[in-house]
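Line by line, the protein sequences are chains A and B.
The first sequence begins at 1 in my numbering and counts up by one.
The second sequence begins at 375 in my numbering and counts up by one.
Note that these hints are calculated values from the structure, not bench results.
Among the clues, some could well be false.
[As the list claims (entries may be wrong)] The calculated label-pair distances, taken between Cβ atoms and stated as ranges, are: (1) A/G20 to B/I615: 29 to 37 Å; (2) A/K113 to B/K519: 34 to 42 Å; (3) B/T508 to A/K113: 25 to 33 Å; (4) A/P45 to B/R405: 56 to 64 Å; (5) A/Q179 to B/I615: 30 to 38 Å.
Predicted model only: the values in this text are computed from it and were never measured.
Heads up, the beta-carbon is just placed ideally off N, CA and C, and yes, glycines get one too.
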Amino acid sequence: MSDGSVEIKDLVKTYVDDRGRPTFTAVKKINLLIQNGEFMVLVGPSGCGKTTTLRMVAGLEKITSGTISIGGRVVNDLEPKDRGIAMVFQNYALYPHMTIFNNMAFGLQLAKKKKDFITETVGRTSKALGLDKMLERKPQALSGGQRQRVALGRAIVRNPTVFLFDEPLSNLDAKMRVQMRSEISRLHGQLGSTMIYVTHDQVEAMTMGDRICVMRDGNIMQVADPITLYRKPENVFVAGFIGSPPMNLLKGKIEQRPEGLVFTEMGEKAGLTIPLKPPVADLASRYVGKNIIFGIRPEHITEECTATCVPVESSVDIAEPMGSESLVYLKAGTGTLISRIHGEHIYHMGQPITANINMEKVHLFDTETEKVIR
Amino acid sequence: MAFPSLKTEPARVSNLRDRSTRRHRLTHEQRLLIRKVLAHAFLLSFLAIVLVPFIMVVSASFRQGNFAPSRLLPDKVSLDHWKYVLGIPYTEVVNPATGETRVVKPVVPPLLWFWNSIKVSCLSSAGIILLSGTAAYAFSRFKFKFRTPILSSLLILQMFPMVLALVAFYVILDFTGTYVKWLGLNTQAGLIMVYLGGISSYIWMIKGYFDTIPASMEESARIDGASPFQTFVRILLPVSIPIFAVVFILSFIGYMSEYPVASVVLQTGNNWTLAVGANSFLYEQEKLWGRFAALAVLSGVPITVVFMLCQRFVIGGLTSGGIKE
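Modelling step: build the complete structure from the supplied sequences, incorporating the hints.
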């Protein structure tokens, strides 16, 4: 198998209008190295430049500046077909007037491959995808999941070194999405090819990616494996984007009080005052009197108290029992805190509750740079 | 005894009111019937407006003598005009007093005009599809300088009727004719060249259709290794057959009945198209309405045939299945 590493260097994409005047910069000088055989997920809100980046790797979009190398070879000026890539589109992009067989064979036919080879390759691939019974049908006669599987098959028969996925599951219903998700993951395991997968769904990103690249406004915010991304977000954006329900983020100040360092929430009414304990207190000591953002994940606000916990008096606003656990929205200070509490009790609105914040799991962010304080 | 009377009184009143309203108000079925009758009357009168002129022309073609149509049905049925138009010689009484007859045979058989018309219309329509299809592809898919101004100027240009440029066409063909004989005045190739100038509205039409076809289908073909031309021919064209069928029908009908330009460009009888030929029956001294009518009916035949052939391609849903909206 040839080298499928993808290196993106100082990549910029500026769109221009008919007359060649720049209108808008979608990708702003990003750098990203994707290892051979890696499953890299590009994730971010819409308009963050993730699809544009993918389309530049595919060769469908012209590169304004910077380079893209696949397998150590700069591909900036290569046609898509010569880059060793295959792409699966969000809207399937099948050829509606061709049979499933021809849809999958089209690329091989254009490459003037032998007929036996085409029949054999398409036959094998369609069988693996469970499409062998419907090769003579047209896309119209297929369900959404089957169509996307045809698109997947069309990519596989090209035997690419890099697979590109552009939100391939967002047109499927929830159940089909979960099924296809595991199918693509399995495919990655079997083929061992490099895969670049664009999605706006952070659940897809977390479950599928070897590494995840979080993007915003044309910049890369953080690249890391799912666990690191979740546990050690580099900045406020990643902290808020990854995780469902999202991390609680409180704006406030570090103050030096007689009893020690405290975090006081900003707000008109009496905001929360949270006394800080080590290890957070050590970090906060550098920020006394300064504005910071205090972040804590819902599952680290619990009923039980660990050694490093700080109790916060609050009352239940809304409780969403999910069975194994309950999401409890707590009224505390000026706003609400979301907590993920085990599902053994039923909580009622207005019920007073002592929430314990696990100080070991607190993230502090600089308000100005939005970067994590370490 | 006052009790029962009190009880029955209101019932009787309501019964009375019921009967009186029923006399004025129609039942649901009756109202529906009236509505149906009205609707049919409207549609039938509308149909009459459309059909009566057509029937008059058909009847004029079967009438004896060359008079303007007056009555809906001819008094005496004669096939003379049809024989003339189809190029079959027939005998005609010249002088009713002596009974002198003669054999009538057209100098230029009108069927030749018929053939000329079909030839010119088919070739022009095919050319128009070729030119406007490729142009629309460029306008829809490529980005280039002055794309929008060119598009809007096309739209503005087509607002002027072709007749306005009649003099220019004459001069241009006169000029080309001096260098390329077969492309000059009084040639059908020259007429086709002029006709091909009328593509701008079709470019807009086809571009509008192309714009609705998602680009990802072509991008997918590009990744599969298709050249832009292959993509156009193998992916976009098959999917766009309905719009091409519509364009073909419209331009075919248009050129089948086009008179002003053809009458200026084509000068000798054996080059004429049907519209020019038919008009030649109507001169100041004598208007041969019968022959004109027969030829007019005949000219409807190819249009009907083309329409029926193309109709099967004008079906929606060709793109369905390939793309999830």
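These are the hints, each one checked on the structure:
Roughly 35 Å separates the CB atoms of A/G20 and B/I615, a value that falls within the hinted 29 to 37 Å. For A/K113 paired with B/K519, a C-beta distance near 40 Å keeps the hint of 34 to 42 Å intact. Between B/T508 and A/K113 the CB atoms are about 30 Å apart, so this pair conforms to the stated range of 25 to 33 Å. Checked against the hint of 56 to 64 Å, the C-beta distance between A/P45 and B/R405 comes to roughly 59 Å, which is consistent with it.
In this structure the hint that A/Q179 and B/I615 lie 30 to 38 Å apart at CB holds, the actual value being about 36 Å.
Checked against the numbered hints listed earlier, the structure breaks none of them; every hint is satisfied.
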